[in-house]
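Q: Listed below, chain by chain, are the residues.
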Amino acid sequence: MLSLTWLVPTFPLIGSIINGFWGLKIGKDNVGKVACGSVILSFITTVLILFGLIGLPAENRIYEQVMFDWIVAGDFAVQWAYQVDPLSMVMMLVITGVGSLIHIFSIGYMKEEYSYYRYFAYLNLFMFAMLILVMGSNFLLMFIGWEGVGCCSYFLIGYYFDKQSACDAATKAFIVNRVGDFAFLLAVMFIFYIFGTIDYTEVFAAAPHKLIYDGEIAIIITGFLFLGATGKSAQIPLYTWLPDAMEGPTPVSALIHAATMVTAGVYLVVRCNILFMMAPMTMMAVAFVGGGTALLAATIGMTQWDIKRVLAYSTVSQIGYMFLGCGVGAFTAAIFHLITHAFFKACLFLGSGSVIHGMHHEQDIRKMGGLKKHFPKTYFTFLVSTLAIAGIFPLSGFFSKDEILLHSLIDGNIFLWGMGITGALLTAFYMFRLVFLTFHGESRVDPDVHPHESPDIMTRPLMILATLAAVGGMLGIPLIHGWHVLHNWLEPVLFIDWQTIVTNSTRMMEEHGHVAHLSHLLHHKEHPDAGLEVALMFLSVGVAITGIVGAYLCYIKYPKLPETLTDGQWGYEIVKNKYMVDEIYDETIVKPVVQGSRLLWKEADAKAIDGTVNGVAQIIGWCSKQAKQFQSGYVRNYALSMIIGFAILLLVVF
Amino acid sequence: MVPLSHYLIVSAILFFIGVLGVLLRRNVIVVFMSIEIMLNAVNLSLIGFDRFLNQHDGQVFSFMVMAVAAAEVSVGLAIIISIFRKKPTINLDEFNIMKW
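Just so you know, the sequences run in chain order X and F.
The numbering of the first sequence is our numbering, which starts it at 1 and goes up by one.
The numbering of the second sequence is our numbering, which starts it at 1 and goes up by one.
Extracted from the complex, chain F is given alone in its bound form (with noise of 0.2 Å):
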């Protein structure tokens, strides 16, 4: 039996991994990737609980996260595509033009 600490360490450092992947990365695709690494740390721990408490709130839950996730790619993606129309880059540090 392996104890909750273990899934919520993993899932923190996945959690972490994603923060400094959308804080560091430049190009567009892969801080969109590092979102979803966060999302999914965010579910493992939700699992972990649920097993951990003997209740499946925990699995509903990740089940919603998965479903806005998946929302949330289509959409996503739409908009770097069209971003992708205006200029030619995946380059984030290049789109800064939605300011005063």
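The shape of chain X in the complex, shown without the other chains (with noise of 0.2 Å):
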């Protein structure tokens, strides 16, 4: 079974290629069997690879794959590998499976579509891409996928080129994250530096030998893996782009804006556990990058009129929770997280693609109200999803975040835990907001506009993921002291042996002269007590409501309400406008930058660069033309320049 692995992206670099080069010729219905085909095919194999996987013995759970040697250069050398092990096959279950119902949905979406072939071409590299970065087991083949997410990323949100706005999104979404790649490409070379190899068993094997507790060099490397990862994942400083990445067509904000790619951070973040959790400064900066996010992200997604743009919102605050998360160490809790926002999350922005499908492309919840009667299948799985998302006992977003937010508290501190709780009261508020001002209450729909139902193609794909977003708190039911079967399945690759970290590293550090204290990492870190587990389960469900009966009275009850507390306060203008990041970042990194590039294109290199090259080719046309003299045509000149010349000769030898 596990011989398979390569197969499992190889499926969707076919599909790509098919759909890429023929896909004008094999015909619409023929180009989403292909681009389906190929993503089923591959979760096919997953779930294969999954039984394989788990025929081993936890402790044996790691497979790699050699395809080739791929860069060798001296002592540096790099194998296109595949690694499966728990934390890859969970990321590979829920890219295919997830992708899989998002590309079914894109056939019914992308219906009316001219370059059909060219979106699932896009949507199938997605996948190839993503599927790497994933399955590489070694930090190079990541960095592949890395790109390549972020490349078929810019593909599809400039999907409609043809809007102004679309390609600026796509250009704003490809620059911000490269100031992540950057950050990323230089942990890579760190970790190189210092280790003298980018595998990740070596690599990670050879992190208690080399690096000291909190030392710099950890701090460094972990740093900038993680400004890399609040690039791709949206974190403060850099979500601003996924906002506007809104302009892609809906399913794309699926798949690649909410449930994968933008967790490649929290994936990044996972797989280089030991290198984070020996650098107790960044989890300390992740934990709070993360809650802040949530935290800010939530108020803005309260303001926003765009349906689109509250799910995005959302999404940039529930990545926020997984940081969080990993962040105070849970890290369980924020795959745990991770994989049941990915079901409730993928289900939120089909709902909504369904809503503005049926819609004629009106995006704006002013324009909606009311729709639960036209909408009776979105209207049912959006809720189920929101209700999930919420945090409403027993659905899955319950169980995750619960957990996220215990470990907040008993493993962090409590700011932390306030960030967290005030968001997921936040979180549930703007979500009802979005639910009843869609689909409750007057109809403010446009009477031009006749709203309909999707068909069969693009509801299934819903119920199935609001079915999953119900069940999927399953995996991670706590067992009050105990682990549930997702930490158990997870144990082999966030095992830390700190034993050996605290042994070196107190060495290192009485060898440099400094005194260690460090005997606090090896007390076993006890299990939480029930009462308290119990006690913020209830809170939790509390704040939920509490968020819930709020967006009622304010958008059901008295919908005059919210205009009548924020009409002409400063503070909600603010938020309206984003907390006006997107004009500071303007202000003081766009501006400067092309005012100075403009500078050096004007002066530097049209004027210096440009002036010395052409003065160059002046000064030499100049001489030649000087020169050119002498060539007169007439023969009598050439033999007297001859004689000349062999009587200096004459002069000279003797």
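Read the hints as simulated data drawn from the structure, not as lab findings.
You may find that some hints are simply not true.
FRET-style restraints, in silico, Cβ to Cβ [said to hold, decoys possible]:
(1) PHE63/F x ALA627/X: 23 to 33 Å
(2) PHE63/F x ILE620/X: 45 to 55 Å
(3) ARG85/F x SER641/X: 52 to 62 Å
(4) SER641/X x ILE83/F: 18 to 28 Å
(5) ILE619/X x ILE83/F: 34 to 44 Å
(6) TRP601/X x ILE79/F: 54 to 64 Å
(7) ILE620/X x ILE83/F: 42 to 52 Å
(8) ARG85/F x ILE620/X: 32 to 42 Å
(9) VAL65/F x ILE619/X: 40 to 50 Å
Below, computed lysine-lysine pairings styled on PhoX-like, alpha-carbon distance capped at 20 Å [stated by the list, open to error]:
(10) LYS625/X x LYS87/F
(11) LYS99/F x LYS628/X
(12) LYS33/X x LYS111/X
(13) LYS560/X x LYS367/X
(14) LYS25/X x LYS163/X
(15) LYS625/X x LYS367/X
Away from chain F, derived, C-beta distances all over 12 Å, residues of chain X [as the list claims (entries may be wrong)]:
(16) ILE71
(17) GLN79
(18) PHE143
(19) LEU186
(20) GLY223
(21) LEU536
(22) MET537
(23) ASN577
(24) TRP622
(25) GLY633
Note that the coordinates shown come from a computational prediction; the quantities given were computed from them, not determined experimentally.
Beta carbons are placed, not taken as given, at the ideal position from N, Cα and C, and that holds for glycine.
Take each chain as given, in its own frame, and dock them per the hints.
A: As structure tokens, this is what we get:
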């Protein structure tokens, strides 16, 4: 079973090649079949591999398949190799599973598009790159996937390339991502410099021996890795591209900008968990950035009127939760939330896609309302996913978010927990604001628009995703005073040999003349108090219900209330304008860079560099003009110069 | 017995006549003849050295020069005839188009 690994990314690649080169020739029906077929095949292969992996004993659950030697240069050797272990298995299942459903949904959603084949070619190429990202067995292969998904994201955000806003959004996403990518590349170089290899297994095995706990090198490497993660996963300070990325087709937002690509940063942090665990300072930064993003994006989400932008800020906020989980060392909780988030957020995005499709590309929720009767299936699935993201028992979001909040309190501190729980309150509020404004209340639909429910090919994936969003929490039902299925599954990846770390770090620190106090790391963390755990569960459900009731009061019971509350409030205006972050970045970074570049272009390039080159050419031209006077065309002149030359030669020799 | 210096002086005089002819005359045919004079001036000095050193390399060289001169005459005359067809003059100053 495990030897099938190489097929998983190969199927989408083949699909992409077929659709990209012969898409127009084979017709729309076949394009859809090839695209969906390739991803579904890859999902089936993934499931087979899963069975193969389960068959192995827990501590041996790592399988590496070397395809070929990729780069060999002196000491530096990189293989094109796939690594399947519990962590990449989880990611592969989410990517191919959710990816298949979104591909199927796309057949219905994109039906009227002319460049149908282009869309599916990019979407399949994205699947390939994303699978390379999670399956690669070294940092460079991950980087290839990392760049590949960024590139496909750029193509798909700019899918409607005749629209200026879409082109701008695509460029913005690409450039903002570059900042993060650069940091990631620096981190990979540092890793090679320190460890002499970039293979996961070797780096992570050598980490306890070569890094000092809380040392500068560990902090630098993890800091750059995390900066890379903030770019791809839309965290402070690089989150601004994601809301604009909503210019792409809605299934793209569901697949790339909600379920898979934006969680690559979380995967990166969890993959390098041992490096991060050795850099507690970075961990603290991760936790605070995650918590801060969760809170900030949630506040912006409350004020947006575009159905997709609300969901985009919600995605930023939920990924913030995942980083909060990573930052306090609850990697399992982060991955758990990644999975449940993929389910419910994909469902929400596809649901919004279904609404947009049925409303003939209307995205403003002020022009919706009362759509419940027009979209019965979409409404139901949307509601289930909204309840899940709000954290209502017993849907999936409840378990995953609760686990993160619990860990942020017991492994982190009260501030992190406070940010998290406030974010949870706001999440429930803005998500139900969205539901109430879209599906409930008076209809504010344009009289020319006739809303209609989407065809089965679109609603069926919604139902499957809603079911998953409802029951996905079963993976991680917290067994009080014990751990759950997902935790046991990920255990081998997350194992850290604290004894070695403490021994080596102590020795190395003493060699440098420092005194080490690391023995506290060896104490086993106690399981949380059951009473606290239950109390927190009740509290988070209470918070979610408060948010829902608040939204109900504001948008159903007293529809005038929000206006009276916010009218003329400067605070509201700031939040509504997204804290002016885009404007601040524009003034402080974009404009100086553009002006600097313009200066370099006009002065340095056009004048200095071009001037030098043209000047040299002109001087040579002038010299030649002078020299050509000698070539008079008169034979006797040449004869004279020959004779003079000969005479000079004679004078010199004798 | 005529000493070597006499041969060489005659040869040098002939050579200078040739040089001056090449530099000063405008008639292509005369310039051409002046080149022949220069070649034969060299032949004369070669023969002079041949006698003086009592070796026969000089004669071999002068035969070589004669053969080359014969070839050169045929090529040169062909060129002169073909340019005369383009432009009915044999004034060398009229031919200055072979330049940039």
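Q: Does each hint fit the structure? Answer for all of them.
A: Do the hints match the structure? See the list:
1. At about 41 Å, the CB distance of PHE63/F to ALA627/X disagrees with the hint of 23 to 33 Å.
2. For the pair PHE63/F and ILE620/X, the beta carbons lie near 48 Å from each other, so the given range of 45 to 55 Å is met.
3. Separated by about 29 Å at the C-beta atoms, ARG85/F and SER641/X break the suggested range of 52 to 62 Å.
4. At roughly 22 Å, the beta-carbon separation of SER641/X and ILE83/F lies within the given 18 to 28 Å, and the hint holds.
5. Distance hint check for ILE619/X and ILE83/F: the Cβ-Cβ separation is about 38 Å, which falls inside the suggested range of 34 to 44 Å.
6. Take TRP601/X and ILE79/F: their Cβ atoms lie about 57 Å apart, and the range 54 to 64 Å holds.
7. Take ILE620/X and ILE83/F: their Cβ atoms lie about 34 Å apart, and the range 42 to 52 Å is violated.
8. Look at ARG85/F against ILE620/X: about 39 Å separates their beta carbons, and that is inside 32 to 42 Å.
9. Taking the beta carbon of each, VAL65/F and ILE619/X are about 46 Å apart, inside 40 to 50 Å as hinted.
10. At roughly 29 Å between alpha-carbon atoms, LYS625/X and LYS87/F are farther apart than 20 Å, so this suggested pair is violated.
11. Distance hint between LYS99/F and LYS628/X is fulfilled; the C-alpha atoms sit about 9 Å from each other, no more than 20 Å.
12. Taking the CA atoms of LYS33/X and LYS111/X, the gap is about 13 Å. The hint holds against a cut of 20 Å.
13. This hinted pair checks out: LYS560/X and LYS367/X have alpha carbons roughly 16 Å apart, not beyond 20 Å.
14. As the CA atoms of LYS25/X and LYS163/X are separated by approximately 26 Å, the hinted pair breaks the 20 Å bound.
15. Restraint check for LYS625/X and LYS367/X: not satisfied, since their Cα atoms lie roughly 75 Å apart, outside the 20 Å limit.
16. The beta carbon of ILE71/X sits about 53 Å from the closest Cβ of chain F, which is more than 12 Å, so the claim that it is off the interface holds.
17. With a cut of 12 Å on Cβ distances, GLN79/X stays outside the contact zone with chain F, its closest approach being about 61 Å.
18. The non-interface label for PHE143/X is consistent with chain F: the shortest C-beta to C-beta separation is roughly 57 Å, beyond 12 Å.
19. The beta carbon of LEU186/X sits about 56 Å from the closest Cβ of chain F, which is more than 12 Å, so the claim that it is off the interface holds.
20. With a least beta-carbon separation of about 65 Å from chain F, GLY223/X lies farther than 12 Å from that chain, consistent with its non-interface assignment.
21. Taking the minimum C-beta to C-beta distance to chain F, about 92 Å, the non-interface status of LEU536/X holds against the 12 Å cut.
22. With 12 Å as the threshold on Cβ separation, the claim that MET537/X sits away from chain F holds: the shortest Cβ distance comes to roughly 94 Å.
23. The non-interface label for ASN577/X is consistent with chain F: the shortest C-beta to C-beta separation is roughly 69 Å, beyond 12 Å.
24. With a minimum CB-CB distance of about 15 Å to chain F, TRP622/X clears the 12 Å threshold, and the non-interface call stands.
25. The beta carbon of GLY633/X is not kept farther than 12 Å from every beta carbon of chain F, the shortest such distance being approximately 3 Å.
The structure fails hints 1, 3, 7, 10, 14, 15, 25 (numbered hints given earlier, in ascending order).
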